[in-house]
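Kindly produce the complete structure, drawing on both the sequences and the hints.
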Amino acid sequence: MSKELKEKILKAHTNEDIAELYVLEQEVHDTLTEEEITGFYRNILDLALEKLTNTLESHRKMDMNDVQDFATIRALYEYAIEHYSAGKAKDASALFEVLSGLTNDEDFSKALKIHWVASAEELPFENFLEEVADIAKTQEAGTFYISHFQEKAQKFLDETKK
1 MSKELKEKIL KAHTNEDIAE LYVLEQEVHD TLTEEEITGF YRNILDLALE
51 KLTNTLESHR KMDMNDVQDF ATIRALYEYA IEHYSAGKAK DASALFEVLS
101 GLTNDEDFSK ALKIHWVASA EELPFENFLE EVADIAKTQE AGTFYISHFQ
151 EKAQKFLDET KK
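Note that UniProt numbering gives residue 136 to position 136 of the sequence shown, counting from 1, and the numbers run on in steps of one.
Just so you know, the hints here were simulated from the structure itself, not pulled from any lab data. You may find that some hints are simply not true.
[Stated by the list, open to error] With a Cα cut of at most 25 Å, we get these calculated BS3-like pairs of lysine-lysine:
(1) Lys-51 / Lys-113
(2) Lys-51 / Lys-61
(3) Lys-152 / Lys-113
(4) Lys-152 / Lys-88
(5) Lys-110 / Lys-51
(6) Lys-110 / Lys-61
(7) Lys-51 / Lys-6
(8) Lys-88 / Lys-155
(9) Lys-155 / Lys-90
[Said to hold, decoys possible] Restraint-style ranges between C-beta atoms, simulated for each label pair:
(10) Asn-15 / Asp-158: 39 to 49 Å
(11) Gln-139 / Val-23: 18 to 28 Å
(12) Asp-63 / Gln-139: 16 to 26 Å
(13) Glu-57 / Glu-130: 36 to 46 Å
(14) Asp-66 / Leu-24: 18 to 28 Å
(15) Asp-158 / Lys-3: 51 to 61 Å
(16) Leu-24 / Glu-159: 36 to 46 Å
(17) Glu-106 / Glu-16: 21 to 31 Å
(18) Arg-60 / Glu-131: 28 to 38 Å
(19) Lys-90 / Thr-33: 24 to 34 Å
(20) Ala-19 / Gly-87: 28 to 38 Å
(21) Glu-25 / Lys-88: 19 to 29 Å
Beta carbons are placed, not taken as given, at the ideal position from N, Cα and C, and that holds for glycine.
Pasting the structure below:
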């Protein structure tokens with residue numbers, strides 16, 4: 001790792017600047033070892049979890065228009081998806097539940113409720129992607145989270161409420 005990159009990472013971490021850490025992401029992937037990259041993402045997650053705790057304790061909603069809140073939500077969402085894709089649906093479900101009520105963004109909240117129900121029902125992640133999510137529309141939308149769903153997603157939600 002170059003001294004310059006190390007200093008940038010340290011400064012961003014010291015300032016608890018998750019957004020800046022994400023800006024450094026490509027440089028990290030180009031220069032660090034797999035172990036160092038894992039540590040880099042662990043640092044982002046640690047900061048995000050700390051910010052989550054502070055947000056919950058202060059009884060406020062995160063603002064998706066605020067760069068730091070946005071980066072924090074992204075990190076927490078990636079963590080939840082990591083759990084879901086690793087077969088830890090119940091852990092993912094708990095995270096999706098918290099995330100669904102954490103922001104002022106109605107579209108994000110609605111999308112995360114679908115994630116929450118699917119993982120709470122222990123629908124395998126692969127099935128969620130194939131049967132519930134609309135990956136093509138999500139990619140067109142350019143969101144960092146799965147934001148569009150197939151028509152049967154609403155039917156799935158309705159059935160699980162019974």
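Here's how the hints hold up against the structure:
no., hint, result
1, Lys-51 / Lys-113, "holds, 21 Å"
2, Lys-51 / Lys-61, "holds, 12 Å"
3, Lys-152 / Lys-113, "holds, 15 Å"
4, Lys-152 / Lys-88, "holds, 24 Å"
5, Lys-110 / Lys-51, "holds, 22 Å"
6, Lys-110 / Lys-61, "holds, 15 Å"
7, Lys-51 / Lys-6, "holds, 23 Å"
8, Lys-88 / Lys-155, "holds, 24 Å"
9, Lys-155 / Lys-90, "holds, 21 Å"
10, Asn-15 / Asp-158: 39 to 49 Å, "holds, 45 Å"
11, Gln-139 / Val-23: 18 to 28 Å, "holds, 22 Å"
12, Asp-63 / Gln-139: 16 to 26 Å, "holds, 25 Å"
13, Glu-57 / Glu-130: 36 to 46 Å, "holds, 39 Å"
14, Asp-66 / Leu-24: 18 to 28 Å, "holds, 19 Å"
15, Asp-158 / Lys-3: 51 to 61 Å, "holds, 57 Å"
16, Leu-24 / Glu-159: 36 to 46 Å, "holds, 44 Å"
17, Glu-106 / Glu-16: 21 to 31 Å, "holds, 27 Å"
18, Arg-60 / Glu-131: 28 to 38 Å, "holds, 35 Å"
19, Lys-90 / Thr-33: 24 to 34 Å, "holds, 33 Å"
20, Ala-19 / Gly-87: 28 to 38 Å, "holds, 31 Å"
21, Glu-25 / Lys-88: 19 to 29 Å, "holds, 24 Å"
In summary, the structure agrees with every hint in the numbered list given earlier.
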